[in-house]
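Number of protein chains: 2
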Amino acid sequence: MNIIMHDLAGADPALRFSPYCWRIRFALAHKGLPVETIAWRFTDKAAIAFSEQERVPVIRDGDTVVSDSWAIAEYLDKQYETPTLFGGAAGRAHARFVNAWADSIMLGGIARLIVRDVLDIVDAKDRDYFRKSREERFGVSLEDVQMERESGVSRFRETLQPLRLVLRQQNWLGGAAPSYADFIVAGTLMWPRCCSRFAVLAGHDPLNAWFERVLDLFGGLGRAARRP
Amino acid sequence: MNIIMHDLAGADPALRFSPYCWRIRFALAHKGLPVETIAWRFTDKAAIAFSEQERVPVIRDGDTVVSDSWAIAEYLDKQYETPTLFGGAAGRAHARFVNAWADSIMLGGIARLIVRDVLDIVDAKDRDYFRKSREERFGVSLEDVQMERESGVSRFRETLQPLRLVLRQQNWLGGAAPSYADFIVAGTLMWPRCCSRFAVLAGHDPLNAWFERVLDLFGGLGRAARRP
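In the order they appear, the protein sequences are chains A and B. Here the numbering used here is used: the first residue of the first sequence is 1, the next is one more, and so on. Here the numbering used here is used: the first residue of the second sequence is 1, the next is one more, and so on.
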């Protein structure tokens, strides 16, 4: 039986744009595990009530329900050992730093660049919820947040410098082969890719070469993703 | 025969303050390898000419000479397998991200807080070199860089948020036990600890509990370090 995953979708059900869900899509593909995704909207809280929390991704694997992208990645790596996502206990512990960095630095930085664009692609029933919850978080209108993106994008790009230093030395964040660290960061970059036409990376950024390699993985899973 | 390490020292030869050297002091202690350190000053280029570069740490292990903290850590983990510093290939690959983040984000942030204080502890023969090279890097006087530290320190502390998120979930960056990831970050924090009385971490910062644990390792190696 395939794993089932609730996956954040836009008004167009083929538009899948959650950075956390993308991390798990890549992780499942890495394990060679087929998945059946169910389009889910922000306000579909009832549809995932069985998981006893309100966010996606949620996976159901037989009788097992797991939510939270990090917990799902850990579950998958224990349940389906090869190919490894983490490369052992220390690899997992160190990947947690990449995860925490992506969550706090990358996601916050990207939100300031594209959050108003997201409003244009979410489902009609999600629009009020999305605007209200995000404006509470930022303390200003979505339009005001994103208005400064042309001047703010260079600061965001500077925060990615650690990635560039690593990828000068090795082809993947995982070393010689992709690991969950690659899926964390690439999954995070799938969010702006699938929500916006704004280029969060400059054209000449050496990170593009690595991101293109991730987009090519698994038969072009990331590259084939619907864009707005 | 003991490993020999050239270790950056201040006017007081017991004051050892290089973040890169501290990473290796911790790594050597983790491996249980005795080390004989040689006090080295910025302008002692001739003393390490045998390493064919101009920076410390440099180690000599029998006939083998290795420079650059990352290269030394890799060398030690290959040459002396247990206890491991990296926990395997993926652990090493992921730790490289921690290293790159510490080098680009932490060191740059800390420099803006304490670089003028460093001038007070370096050897007399290093003072002109230190001021000139660092003022060229910043484009302003050391006094001007550090003048803004009271207002700038909160921004620096915010950049450490990924560490706090990780250390909420596990006792060490290495997981259940310390790894080179801990020594990278703690070694970086030994720099301001040994150069300055300015508190780069707030007193209530949860990172203090972890740093105190590192200071206690190896019989209190870090805690015993001379401070200005």
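Hints were generated in silico from the structure; no laboratory data involved. On a predicted model such as this, the values are computed, not experimentally measured, just so you know. We treat Cβ as the ideally placed atom computed from N, Cα and C, and that holds for glycine. Do not rely on the hints blindly, as some may be mistaken.
Claimed, not checked - To be clear about the criterion: a stretch of chain B counts as covered by chain A if any three or more of its residues have a C-beta under 8 Å from a C-beta of chain A, and this derived list gives those stretches:
| id | stretch |
| --- | --- |
| 1 | 35 to 48 |
| 2 | 133 to 141 |
| 3 | 169 to 181 |
Said to hold, decoys possible - Covered by chain B, according to a simulated footprint, are these stretches of chain A (three or more residues, beta-carbon under 8 Å):
| id | stretch |
| --- | --- |
| 4 | 100 to 114 |
| 5 | 193 to 205 |
Count the residues of the stretch 100 to 114 of chain A whose Cβ falls closer than 8 Å to any Cβ of chain B, and tell me whether that reaches three.
holds (count 5)
The stretch 169 to 181 of chain B covered by chain A? Criterion: 3 or more residues, Cβ-Cβ distance below 8 Å.
holds (count 9)
Given coverage of the stretch 193 to 205 of chain A by chain B, tested with a Cβ cutoff of 8 Å and a minimum of 3 residues:
Contact hint for the stretch 193 to 205 of chain A vs chain B: violated, 0 residues under 8 Å.
Closer than 8 Å Cβ to Cβ for three or more residues is the test here. Does the stretch 133 to 141 of chain B pass it with chain A?
violated (count 0)
At least three residues with a C-beta closer than 8 Å to a C-beta of chain A: is that true for the stretch 35 to 48 of chain B?
violated (count 0)
Figure legend: structure checked against the earlier numbered hints; hints not met, in rising order: 1, 2 and 5.
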